[in-house]
Amino acid sequence: MSVHASTANLAWHDGGLVTLHGPGDLGAPFAAAVPAGIAARLQPGALVERRDGALNIGGLTLSLRGAEVVDAAMPRAGAGISAGALLAAAARTGRSSAIRAGLGHEACAAVAEGLALDDPALLLRGARGLIGLGPGLTPAGDDCLVGVLAVLHRARPAGLVAAPGMRAGMAALLTRTTAVAAEFLRHAIHGLFAEPLLALATADTEDGAHAAARRLCRRGATSGADTLAGIALALAGLGRGRDEPSPGGMGSAA
Amino acid sequence: MTTVALVKRSAYRDSVLLLDLARELRALPGVREAAALMATPANQELLAGSGLSSEDALAAGPNDLVIAIRAESAAAADLALARAEALVAARDRPVGPAGRALPRTLDSAWRRLEGANLALISVPGPFAAAEARRALLRGLHVMLFSDNVPVEAEIALKQLARRRGLLMMGPDCGTAYLAGVPLGFANAVPRGRVGLVAASGTGLQQVATLLADSGEGISHGIGVGGRDMSEAVGGAMALVAIDALAAEPATEAIVVVGKPPAPAVRAAVAARLRAAGKPAVACLLGRGARPGREGSLTIAATLEDAARAAVAAVRGHAWTPRPFGPEITGLRERLTSARRALAPGQRTVRGAYAGGTLADEARLILDAVRAGGPGVTSEIVDLGADEYTVRRAHPMIDPAARIAEIGRAAADPRTAVILLDVVLGHGAAADPAGDLAPALEAARRSARAHGRDIALVATVVGTDADPQGMRRQIARLEGAGAWVLPSNAQAARAAACIAGGEPALAAILAEAGA
Chain X
1 MSVHASTANL AWHDGGLVTL HGPGDLGAPF AAAVPAGIAA RLQPGALVER RDGALNIGGL
61 TLSLRGAEVV DAAMPRAGAG ISAGALLAAA ARTGRSSAIR AGLGHEACAA VAEGLALDDP
121 ALLLRGARGL IGLGPGLTPA GDDCLVGVLA VLHRARPAGL VAAPGMRAGM AALLTRTTAV
181 AAEFLRHAIH GLFAEPLLAL ATADTEDGAH AAARRLCRRG ATSGADTLAG IALALAGLGR
241 GRDEPSPGGM GSAA
Chain L
255 MTTVALVKRS AYRDSVLLLD LARELRALPG VREAAALMAT PANQELLAGS GLSSEDALAA
315 GPNDLVIAIR AESAAAADLA LARAEALVAA RDRPVGPAGR ALPRTLDSAW RRLEGANLAL
375 ISVPGPFAAA EARRALLRGL HVMLFSDNVP VEAEIALKQL ARRRGLLMMG PDCGTAYLAG
435 VPLGFANAVP RGRVGLVAAS GTGLQQVATL LADSGEGISH GIGVGGRDMS EAVGGAMALV
495 AIDALAAEPA TEAIVVVGKP PAPAVRAAVA ARLRAAGKPA VACLLGRGAR PGREGSLTIA
555 ATLEDAARAA VAAVRGHAWT PRPFGPEITG LRERLTSARR ALAPGQRTVR GAYAGGTLAD
615 EARLILDAVR AGGPGVTSEI VDLGADEYTV RRAHPMIDPA ARIAEIGRAA ADPRTAVILL
675 DVVLGHGAAA DPAGDLAPAL EAARRSARAH GRDIALVATV VGTDADPQGM RRQIARLEGA
735 GAWVLPSNAQ AARAAACIAG GEPALAAILA EAGA
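These protein sequences, in sequence, are chains X and L. Taking the working numbering, the leading residue of the first sequence gets 1, the next gets one more, and so forth. Taking the working numbering, the leading residue of the second sequence gets 255, the next gets one more, and so forth.
Since the hints were derived computationally from the structure, they do not count as laboratory data. Incorrect hints may appear among the rest.
[Said to hold, decoys possible] One side only, chain L facing chain X, incomplete, derived with CB under 10 Å:
1. Ala-289
2. Ala-293
3. Thr-294
4. Pro-295
5. Asn-297
6. Arg-358
7. Pro-378
8. Thr-602
9. Ile-657
Built from N, CA and C at the ideal position, the CB exists for glycine as well.
Next comes chain X alone, as it looks inside the complex (with noise of 0.2 Å):
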């Protein structure tokens, strides 16, 4: 278990990470929100046991009783915006990223360009290039690369992200890369995604995927604004692909 200011991470008996944080939206598919301070009282190596509906950790008690569960799940695109307006959000925010300062810009475009001719070799590519780039426990270029999963699965579940191969080849590159980053990585292939994400994605309006996207740039130091990174980086390919001069509805982009 590591334990940082107001988050605690627990190694869990599958091999993957539960992350402990305060109130408010799950900043992870993997997380749960507890009281506030509950993460600082946590000593690191302590044992954590799940017990009659409770998790002990060394000493402390947190009932899970009555704990709401949160889908995760990136829905198919429905009405949501359009991929223009999303971006539009996402620009408002005005918070710099090390990916569009042009960290890993080749990787970026092999990315883009694997999103424009729906090879998947490409993607994987550009995606190894990402994983473990850049500043921040969860460096630059993987919070972009869940920023272009979670577009693949909002527009087109059914495309590159279920290519034969897709999922094997970037669970392989997860050790290029650290604990935490890799188990976002490894629920974003599968399509989940940390609350304040799926709110951007579903965004049905304007208004509101400006104040989701200003919400989700306040995660972490970079990773919001690494992950909007991403989200552009998507769209801008999946839009090329379509050979349209701007990219087409996130919703209407299946």
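Given chain X, put chain L in place with the hints provided.
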């Protein structure tokens, strides 16, 4: 040229801190390049491409933090490594504004701050009572911000505090001012001669800001918690607070604000206020609360009237309840114009509130209008209530729940008015009006797209000295088409008049005794 690396196994620091750290290292004498990254293969390639690769860095894994430095000499590299080690260690400890590591326990804070006499406690409910008891036993007054504290624990804590002559403010005490120091959600208001006792945060904030607007300040604002005046707790801390303000020379008048107390507690509070030897005002919101006088005690029916009665008391003026908006230029024309833009079926006031007491006050005013018979309906939602804040920050901080509520109100063809409070001050959002304005503009656009209009009515609880700036916030709301009134009571009355037209205005004037 020398390249060295500091590797911290299974360690992580915030990416912005790491970027700052690398920038600071690059500024050291003799340092040519520096980077601080997780040692993933991709980042190892980045390091190699920047000439920052080294044996130590290459031995690190994806979950290790590596700080790589290239310097002109071994001595410069060693100095930079030592500096990196110190910077990482400093960032392991929470640090306060003075640059000292923050204490991690109540006891260590108490030992460090000689002469401290108050503890502000905000920890999860299950731990809160124990921390409060610890503070009281050390002779500290307590402001307990936490909620979800059992009532039995509250009673025991307040009994302990009384025995020791201490204030036990809360649990669930969101706002207090002690000797000019604001605690919790609090506005920037001047010190002065009115002492406040309040069971609720936003009630206290409304009265304090209206006093400030009248040129008066507060001596102390003592929050007692929403349950203090219940039958179980018996007004334990409200009575202590009244006694304290009665004995305090700087306090010339006392105001008590809260929701309806238990009958026995109401009687005890009123008796204590009458015996205080100073003018006193009670505003205990509830149906049937009629304004009037009981000796030195003034009963006010709204928070605005409580503030006005207190101003009159300290200035030695006579006070009468405030009729609706006599000084608002063109009030009747404005109401008529807003009503004319609505369809006959638009008769509902939809309130999306952040402040619980403000929502209660609006609800009471609108219920009274409805009882007068003009066909107005209202749906006032307190989005700061516990059921709306599960897994969410309070709406005074996070606008998401209010934005959604505004959207729902706009989509309802019965909605005549969207009514809002915007609470400023320390602890509140940096730009609450700016957060809500796009949603308000969208609400009007949406209504007009469906061939109707919608009125937006708001009040801003704040002062120009607040971090957000009262005038800036009002201008932002007015820019979005909202009518901003100077108090919550007036905003609720305006909303009722727009929804109900002339009959509602007549009912309100009758209710206010004008």
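Original post:
Should the interface hint for Ile-657/L be scored as holding, given a Cβ-Cβ cut-off of 10 Å against chain X?
Top reply: holds (6 Å)
Original post:
How about Ala-293/L: closest beta carbon in chain X under 10 Å, or not?
Top reply: Because about 9 Å separates Ala-293/L from the closest Cβ in chain X, which is inside the 10 Å limit, the hint holds.
Original post:
Taking 10 Å as the limit, does the beta-carbon of Thr-294/L come near enough to a beta-carbon in chain X?
Top reply: holds (3 Å)
Subject >> Hint status (Cβ of Thr-602/L to nearest Cβ of chain X, threshold 10 Å) >> reply: Check failed: Cβ of Thr-602/L comes no nearer than 22 Å to chain X, outside 10 Å.
Original post:
At a threshold of 10 Å, is the proposed contact between Ala-289/L and chain X supported by beta-carbon distances?
Top reply: Constraint on Ala-289/L satisfied, holds at 9 Å.
Subject >> Status of the Arg-358/L interface restraint (C-beta, 10 Å, chain X) >> reply: Holds, about 9 Å.
Original post:
With a cut-off of 10 Å, does the beta carbon of Pro-295/L approach a beta carbon of chain X closely enough for the hint to hold?
Top reply: Hint holds; Pro-295/L Cβ to chain X Cβ min 5 Å, cut 10 Å.
Original post:
Close enough to count: is the Cβ of Pro-378/L nearer than 10 Å to one in chain X?
Top reply: holds (4 Å)
Original post:
Do the numbers back the hint for Asn-297/L, that is, is its least Cβ distance to chain X under 10 Å?
Top reply: Constraint on Asn-297/L satisfied, holds at 6 Å.
Going down the numbered hints, you'll see the structure goes against just number 8.
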